[in-house]
Every structure is written in C-alpha cells, then in structure tokens.
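Participant: Listed here are the chains, written in short residue letters.
Number of protein chains: 2
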Amino acid sequence: MKDFSVNGFQFVGIHCGIKKSGKPDIGLIVAKKPVPCAGVFTTNQIVAAPVVQSRNKLARSAQAQAVVINSGNANACTGKQGEQDARQMAVWTASAIDCSPDDVQVCSTGVIGAPLPMAVIHEGINTAARSLSDESLPDFAEAIRTTDTFAKVRSAHITVGDRVFKVAGASKGAGMIHPNMATMLGVMVTDAPIQGSEIGDMWRRICAHTFNAITIDGDTSTNDTALFMASGAAGGTYLKGTDLADFEAQLLTFTAELAKDIVRDAEGGTKVVEIRVCGALDIHEAKLAANTIALSPLVKTAIHGEDPNWGRIIAAAGRSGAKLDPNALNLRFNDVNLYREGEWLGTDSEKNASQVMAQPEYIITLNLGVGQASHGVYTCDFSADYIRINADYRS
Amino acid sequence: MKDFSVNGFQFVGIHCGIKKSGKPDIGLIVAKKPVPCAGVFTTNQIVAAPVVQSRNKLARSAQAQAVVINSGNANACTGKQGEQDARQMAVWTASAIDCSPDDVQVCSTGVIGAPLPMAVIHEGINTAARSLSDESLPDFAEAIRTTDTFAKVRSAHITVGDRVFKVAGASKGAGMIHPNMATMLGVMVTDAPIQGSEIGDMWRRICAHTFNAITIDGDTSTNDTALFMASGAAGGTYLKGTDLADFEAQLLTFTAELAKDIVRDAEGGTKVVEIRVCGALDIHEAKLAANTIALSPLVKTAIHGEDPNWGRIIAAAGRSGAKLDPNALNLRFNDVNLYREGEWLGTDSEKNASQVMAQPEYIITLNLGVGQASHGVYTCDFSADYIRINADYRS
Numbered sequence: 002m003k004d005f006s007v008n009g010f011q012f013v014g015i016h017c018g019i020k021k022s023g024k025p026d027i028g029l030i031v032a033k034k035p036v037p038c039a040g041v042f043t044t045n046q047i048v049a050a051p052v053v054q055s056r057n058k059l060a061r062s063a064q065a066q067a068v069v070i071n072s073g074n075a076n077a078c079t080g081k082q083g084e085q086d087a088r089q090m091a092v093w094t095a096s097a098i099d100c101s102p103d104d105v106q107v108c109s110t111g112v113i114g115a116p117l118p119m120a121v122i123h124e125g126i127n128t129a130a131r132s133l134s135d136e137s138l139p140d141f142a143e144a145i146r147t148t149d150t151f152a153k154v155r156s157a158h159i160t161v162g163d164r165v166f167k168v169a170g171a172s173k174g175a176g177m178i179h180p181n182m183a184t185m186l187g188v189m190v191t192d193a194p195i196q197g198s199e200i201g202d203m204w205r206r207i208c209a210h211t212f213n214a215i216t217i218d219g220d221t222s223t224n225d226t227a228l229f230m231a232s233g234a235a236g237g238t239y240l241k242g243t244d245l246a247d248f249e250a251q252l253l254t255f256t257a258e259l260a261k262d263i264v265r266d267a268e269g270g271t272k273v274v275e276i277r278v279c280g281a282l283d284i285h286e287a288k289l290a291a292n293t294i295a296l297s298p299l300v301k302t303a304i305h306g307e308d309p310n311w312g313r314i315i316a317a318a319g320r321s322g323a324k325l326d327p328n329a330l331n332l333r334f335n336d337v338n339l340y341r342e343g344e345w346l347g348t349d350s351e352k353n354a355s356q357v358m359a360q361p362e363y364i365i366t367l368n369l370g371v372g373q374a375s376h377g378v379y380t381c382d383f384s385a386d387y388i389r390i391n392a393d394y395r396s
Numbered sequence: 002m003k004d005f006s007v008n009g010f011q012f013v014g015i016h017c018g019i020k021k022s023g024k025p026d027i028g029l030i031v032a033k034k035p036v037p038c039a040g041v042f043t044t045n046q047i048v049a050a051p052v053v054q055s056r057n058k059l060a061r062s063a064q065a066q067a068v069v070i071n072s073g074n075a076n077a078c079t080g081k082q083g084e085q086d087a088r089q090m091a092v093w094t095a096s097a098i099d100c101s102p103d104d105v106q107v108c109s110t111g112v113i114g115a116p117l118p119m120a121v122i123h124e125g126i127n128t129a130a131r132s133l134s135d136e137s138l139p140d141f142a143e144a145i146r147t148t149d150t151f152a153k154v155r156s157a158h159i160t161v162g163d164r165v166f167k168v169a170g171a172s173k174g175a176g177m178i179h180p181n182m183a184t185m186l187g188v189m190v191t192d193a194p195i196q197g198s199e200i201g202d203m204w205r206r207i208c209a210h211t212f213n214a215i216t217i218d219g220d221t222s223t224n225d226t227a228l229f230m231a232s233g234a235a236g237g238t239y240l241k242g243t244d245l246a247d248f249e250a251q252l253l254t255f256t257a258e259l260a261k262d263i264v265r266d267a268e269g270g271t272k273v274v275e276i277r278v279c280g281a282l283d284i285h286e287a288k289l290a291a292n293t294i295a296l297s298p299l300v301k302t303a304i305h306g307e308d309p310n311w312g313r314i315i316a317a318a319g320r321s322g323a324k325l326d327p328n329a330l331n332l333r334f335n336d337v338n339l340y341r342e343g344e345w346l347g348t349d350s351e352k353n354a355s356q357v358m359a360q361p362e363y364i365i366t367l368n369l370g371v372g373q374a375s376h377g378v379y380t381c382d383f384s385a386d387y388i389r390i391n392a393d394y395r396s
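If you're matching them up, the sequences are chains P and E in order.
Reading the first sequence from the start, the letters are residues 2 to 396 in this note's numbering.
Reading the second sequence from the start, the letters are residues 2 to 396 in this note's numbering.
There may be inaccurate statements among the hints.
Claimed, not checked - DEER-style ranges, computed between Cβ atoms: (1) E:165 - P:285: 51 to 59 Å; (2) P:356 - E:124: 39 to 47 Å; (3) P:101 - E:347: 32 to 40 Å.
Read the hints as simulated data drawn from the structure, not as lab findings.
Even for Gly, the Cβ is constructed at its ideal location relative to N, Cα and C.
Please build the complete structure, drawing on both the sequences and the hints.
Facilitator: Below, the structure is given as structure tokens:
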C-alpha cells in the first residue's frame, strides 16, 4: 500500500451528515504545533465567508496548525450568518485539537445560498478530531470530494542533496465537475523545514504554474483555495538558497500532477492538453495568449474532434491582445510542425498532427516570434457531455 | 414584395465558380459615384489581405464607390499572393464599373490557406457588373453566405423631421456558423446625405452596440468587416446636429436587427439573450462584465438548460475584473427579480425566471451597484449541437 504519511501531520475524513448520500463530508489535517503555511485564494470578487477569514489569518501570520474542510455546502452567498458559521468552525476545530482559532484554515465546498447545518458540523469536527491518524490522507481526499469521479491524492519524495523529504497532498474540483459555483481545492503538506518568510512567495510561484494554470472553462469560483504547510519534522536546518530552489522545482512537478488530476477528471472532457506559448514579449502576454487559446470554444471543440485546426489556434492568439509577428509564427503539436515562419506546412503535416491529437495527453506549442517569455496552461476538450452535464445540472 | 432598393445604389449576386455547390459566390454593391463610406474591421492581429487593403483605403479617404465580396474562399493566410489577388479584385471591379481601385472595398469569406481561383473571379466580376440592378440586394445577401442557414437582408425607412430616408443592408456569419476562421460581414447603405467627416465616428458608435456587441463564442476572425455607405441620393442638405443624432439612433436599431440575425442563425444555438450590465463604474467595465457573462460556458449551458443559475452569472461578473459591490448586486430576467441588494430572492423567483428562460429571446440585467455606466451584448446558448458541428467541421 502506498505510504501517504508525512512527519508532523495527521489526517482524517468522515461522514458527519451534510451530504444526504452518506459519503464523507468533513476532513481535518492537523499539525503537532503551528507550522509555516501559505495560501493562494480565488480572485473572484464574490468570495465565500471561509475564504475571507482564511485569507485574513494567513495575511496576519504565515502559519497554521489545522485545516478543516467540509463538502456538500459552500457557505457562499450566505451573508452575516455565513461569516459567523465560518468563524464557529474554526473555534470548534481549535477547541477539539487545542490550538488558537487563528491557526485554523477553514474551507467549504458544495451548494451555495443555503446555511451550513451547524449542529452536525459541530459533532463532525469533534468525532473527526478523535479519529486522526498518520495514514488517513486518502480519507481526507474522499471527504473533500463533491462530484469528482475519483479522489485525488498523491505522495512523493523530494531529494535535496543528501536530504530526503516527504510531500503529500489532495485536490478536488473543478469547472465542469462542479459547475454551480465550482470549487477548486488543493492542500499540500511536507516535512521539510521551510521558513515562514519564504513559504508564501514559493507557493505563489508554484500555484502560478499548477493550480492557477489549469483552465477548464474559465469560470473561477467563490471558494477556490490552495494551501501548503511545512512541518519541518524531517529535522535539520531550514532550506535556503539553491537547496530551496531545488525543493521548489520538485514540489512544482508534484503539485502539477495534482492540478492536472482535476483536468483529467473534467466531466465531459476526454483530453488533457498543455497549451505552451513561447516567444512572447513578456510573461503577462504569454499568459494572455495561452489562456485565450486554452479557453477558446472553437479550439476546445477541435481538440475534441482531433482536428488539427491551426486556423482557430492562431486566430485565438491573434485576438488575445498579446503581440505577435504573423510572419514568424511557429506552431507544433508535440514534435509535429504544422505552421512555420507564418506559413502552413500543408496537408501532410495535418495528418501527422492528427495522430498526436489521437493521444489522451499532448502539448501544443505556439511561438509568437516577438520575444523570449513563455507560459503553459493545462486545458481539456469540450464534448457534447459537457453541455449535457452543465445544462441539466440543477434540474 | 418587400422593396430593398436604396436610391443611388445597385446590387448583384451571382455564381462564378468558387463554390463547388453552384450557389452564389460573388456580389457587388455599386454607387453612381464615390460616396461617403465608413468601415469597422477585425481587431485580430492575424488579418486577411483584403481587410488590410480595404482598411487602408478608408483611412486615406472616407469614401467608396463599390464593394466586391466573394464567398467560398477567405484569402487569409495566403501571403504575398493573397495581397496581390486582393489588389487585383479591386482593379478588375474598378475597370468593370469605371472608377478608381482606391474606391473599391474588397471582402472575402470562406476557407483559409488556399489561393483564390482568380480566373473565375475575373469573369465573375465582369458578368456581375453587367447584371447590376436596383432591386438585387437579396441576391447580394445570397452571394455572401457561407454556411448561414438563411440569407440576412433587411430594409427600413428612417424619418428625421419631415424627411424620409431609405436604409438597407445585408449581413452574414459568424462564430458557430463558420468556425474555421469565421467571418462576420455586414454592409449597410442609405440614401441619406451624410458628410464624410461624420460617417466614420457614427458608424464606429453604431457598431459598438451592434456588430461588435454580438458574442457567440468570443472568437474573432481574420476577415470581419462592417461597411456603411451613404449615397445622399435622397437629396437635401447634409444631416447634422440633432437631425444626425436622430438618424443615428434609428440606424442603430436597424443595424442591431441585422447583427442579431447572425446570433439567431448560430448553429447549435436556440436562444438569443441580451446580457445588459448596468451600475458599472465606466463603460469599459460594463463591457468587461457583460462580455465575461455572455461568453461564460457555464452561463451559456445554463441558458440552454433554461436553468436560472444566478450563481454562475454573479460569479462570472465577480471574476471579470469589473468592480462590483457584492451587497448591492441586482439581477433580473426580463422583469423577474432573482437577486436584490446582494441577496437571493428564493425558489419562487427561480420558478418565475425559468418561465422567462423558456422564451426564445429575453434580457438578463445585472446591476453591479457601483456606478452609472451600462452596456448590452447579445449572446446565444451552447447546445450539444454546437460541439458536434465544431468538432466535426473539417472531417
């Protein structure tokens, strides 16, 4: 059996009564003491109560001792009552594990507009806190699911010089899967010693290329949250300099897989495609072009139809606002060139590109031909199932 | 029979041999002399050869005597040969009707990457020029179709004080209908006397609320063009001041219907919905919010499912970048309030909104609660047919 333990953390996921199905709906991650913690939250102006409070806590101090997450109810658009309920969840969790409510991160995901069933949540937190164990991250991953078709949980070793650390995490969501104010959640933990002064910037850089680089339908939610906690229980001095950079690079690769799991689970999606834009003037323009291509319904339907429709891709780049040189554009599907120096390479290149597109995962690379900046995003296709699922979601 | 004639103009549309189907594929609009003309063109950086040339001509002098449009081939991504071919179309048209090539606007729409069949186009222009007539605008509208399911042609009277003018026009496109570097085209003509110095700004303002306010899938093409010509053949002094404003308001209403015809024809679309954002800080933010809502796949699938999913609409506004006050938001489907001062009005309001959504055309109004600016855009729903049509387009 795969080992999901990470020194310094315990996990739990149980059913407390929010979901009518009887499936797990509340989970905890608890550290032995307050540890460095970083969070990246939704940029939507409509923000759920737990997000406002969790964000404020990390802004005051980059640490946490516990994460409590309920599924089945997003506590969004719930007004003053929602704010009070989110505070209460932190107070109950703090009391159950004996820490300060300021060190409890709270997340909620599920339906919006309805008040949280606070009585069952109170009992759920108390029961969960008594069932914490080193090995239960997979149970936690189950407890944060809403309509995900599989629980998303991974662990890995990160080697820096002669030191070996553990990293593990869980994610859930998004987009197609939870169309109604969908929530993307991700929580990573490590036993590596990372200073509170370093963890925030590192996590923001990692999220830019992982949880913030997955685009399913462009709709962000009121509840999106990605957390990273470092217990330091592996011992030794704080990671710094090139060691820290080495750790960050490996954490990025690990986190990217948990982020891609969300795209892999996109209901109605059958492909995971990285849209990689290079040769852009700056990183902002690279992101703009990559996101415009990744979100174009015409591109996403062409991906579904395995149609190497280069016209749709370059037209999307052309309207994105990113500067490009029409006579220097290069377009590649994996290693198949389709368009070079602004000229289409003919029907043979399309046939070869079609073979790439028959694969479940591949990379489309577009060189804008005007600079050195690059950015990649992960997207999926649009299938008829996407429409069916999202048109009928609440009926 | 409806009268599509406009004093000072003649029209024609015939088959010359570009389309294998034998359907009309080349059309002309010809004025008796050079007349004031305005154009609004694609903002895509990937621009077809005819657009570059037509745009340059109108930048030098706000006049034209003829418009020549071929369908079946977009003359896009065709390099130097394409530039030469677009110039040649203007030269042949000028020669056939005896004017300067500088006064000929050229548009092309259809497949990309392939060279124009210039021999049949040469003969087609000459044949067409011999068949011009006052009543043939409907033939012209037929000749600019690609996969439109109906020809889009309209005419109306515009009354300013005791003066009555004619206006007529044709449009074609776009988005879902012509996914492969789709083209939106619109050409309006009037016999009203409008000065060259006024026509450009007026046409840009009108297009902002008509041809540039229709969003099907957010993908703009290399060939989009909207032209407006004023022969002045109705006689009298140039329209100015409040008379001109009065004319503009009525032309806007007329043009909006031809623009909405494009949305009505969206393949896979079953609804035409105006997304009207008000209470925005400024017009830029009103547009940003309206377009974000109108293009959200989650909103478009909810429209298809007739599901009054207010969460998706306010979440889309929340991520748009336009400033809003979550506690002052108001949301209305026609005259049914669904969300007021930041609070959901309950399941009864959703039932009433569902009845509005059962109609083929309706208005969704969202008040952002922070200012006075407003903007409306026309969108359609996403159906499973949209995916089918666009995934299989070229196979």
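Participant: Provide an ascending list of the numbers of those earlier hints which the structure does not satisfy.
Facilitator: none
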